[in-house]
Every structure is written in C-alpha cells, then in structure tokens.
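> Protein chains in written order, with the working numbering: chain W, 1 to 115; chain E, 1001 to 1117.
Hints should not be assumed to be uniformly reliable.
Said to hold, decoys possible - Capping the alpha-carbon separation at 25 Å, the derived lysine-lysine pairs in BS3-like fashion look like this:
hint : chain 1 : residue 1 : chain 2 : residue 2
1    : E       : K1062     : E       : K1015
2    : W       : K3        : E       : K1044
3    : E       : K1044     : E       : K1011
4    : W       : K3        : W       : K70
5    : E       : K1071     : E       : K1015
6    : E       : K1078     : E       : K1015
7    : E       : K1083     : E       : K1015
8    : E       : K1083     : E       : K1071
9    : E       : K1083     : W       : K38
10   : E       : K1062     : W       : K38
11   : E       : K1062     : E       : K1083
12   : E       : K1062     : W       : K3
If you are wondering where the hints come from, they were derived from the structure by calculation, not from laboratory data.
Quantities reported herein were computed from a predicted structural model and do not represent experimental measurements.
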Amino acid sequence: AQKVTQAQTEISVVEKEDVTLDCVYETRDTTYYLFWYKQPPSGELVFLIRRNSFDEQNEISGRYSWNFQKSTSSFNFTITASQVVDSAVYFCALTRGSTLGRLYFGRGTQLTVWP
Amino acid sequence: EAGVAQSPRYKIIEKRQSVAFWCNPISGHATLYWYQQILGQGPKLLIQFQNNGVVDDSQLPKDRFSAERLKGVDSTLKIQPAKLEDSAVYLCASSPQETRGPYNEQFFGPGTRLTVL
Chain W
1 AQKVTQAQTE ISVVEKEDVT LDCVYETRDT TYYLFWYKQP PSGELVFLIR RNSFDEQNEI
61 SGRYSWNFQK STSSFNFTIT ASQVVDSAVY FCALTRGSTL GRLYFGRGTQ LTVWP
Chain E
1001 EAGVAQSPRY KIIEKRQSVA FWCNPISGHA TLYWYQQILG QGPKLLIQFQ NNGVVDDSQL
1061 PKDRFSAERL KGVDSTLKIQ PAKLEDSAVY LCASSPQETR GPYNEQFFGP GTRLTVL
C-alpha cells in the first residue's frame, strides 16, 4: 500500500526564517514519483515539484529546496527566508510509476509566516 | 491556456438532498480525476477517467456517488442522497497523459466546497 506521512500539522515562523516541512512515504514499488503541492487559502492546489524514484539529486528553485533520501524514505521541503506569501497548506504526495497517475496525499502541513 | 474550471464554487444543502458538481478540464487533456478533500486531510481520489472510460473508481461510494464524463470532455459528479460526512471540497484535476509511461502533471481546479447541514 502507498502511504504518505506529514507529521507536522502546523508550523509558525516569523518572516525571513528558514523552515523545513517533513515528508515520509511508504511504497513497495521501485518506480514511483513524489510531489509537493501548495494550497493557498483560495483552495487551488499548485504544483511545486515532481521527483522520480531514480533521481535522488537535491533540487533548488529560488528560495525552495528539496531533499530526497531513499534510505530514509523522506522527501523534505525547505523554504529559505520565508515570506508572508508562503503561508499555505503544503501537501506531499506519491504516485506509483506503474499506474496512470493516482496521487496519494499526506494530511498536509499548515505553514503560517508572520510579518 | 485556460485552467480547469469547476462550478459551483460553493454549495450548501441539507442531508438527504441531491447535489451535482461540474468540471471542465483543460482542453485536450485525456485524463480527468475527482478528489474529495475533507477538512484537515489531504485529497483522496474518488474516480479517474481516461477519455470517457473509468480507470479507477475503487474509492467511490457507489451507493450514493456517481460520475460521468460524456464525450470524454466535461464531467459531472453527483451525490444522492447526501450525508453530513460528505461535507468537503471536491477537486477536479486533469492530465494530458493517455498511456502508461512517464508521469504527466495533474492540473487542479479551484474546487467546490460542499456543506451538508
């Protein structure tokens, strides 16, 4: 079975602090994809990143960075120098490589960035 | 390029009533998904269509939920009769993928927030 765990329900930081959102996943598949989505108050899910199971390179995109470690089944997301606009619910998700794309989501982490 | 459209954005009904949601995917996208997102949880897949055929409806409560995708484009999701626990946001997503292969991104609509009283 596929499972995604986001242990942090809520995180509050002050602007310009760095923050890391944790994601731990479970799957028996050797081929799978991991994702992070952002859900602002408007409700729409915004795609941030996709990673396949064969690519463990860390990635940086502006203030965002992702750390994928198969050894610990983790795919953590770090926001550097957080801003108020980063306030949202962030979801980690997993899909099996052998299917047509059903996403398994974690419960999400509510990030609040205070000015 | 227009995104995934959904309507209505909000709906309030009483339990045992019926309700329908509409989704218009991005033009040309073959795959369409309906997810249910209960407050405080991540979205859960209800049903997945490829063109106008059902690929996965294993999590759809078929005694009260139904969905169709006529002509492989728009889709409607219906609940009849609604229960209190159906209160949630219903998200529609579409993806261009047509065959098994490298994953294609899912694009999400704004969702329909349903409140059942």
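> List in ascending order the numbers of the hints, as given earlier, that are violated by the structure.
5, 8, 9 and 10
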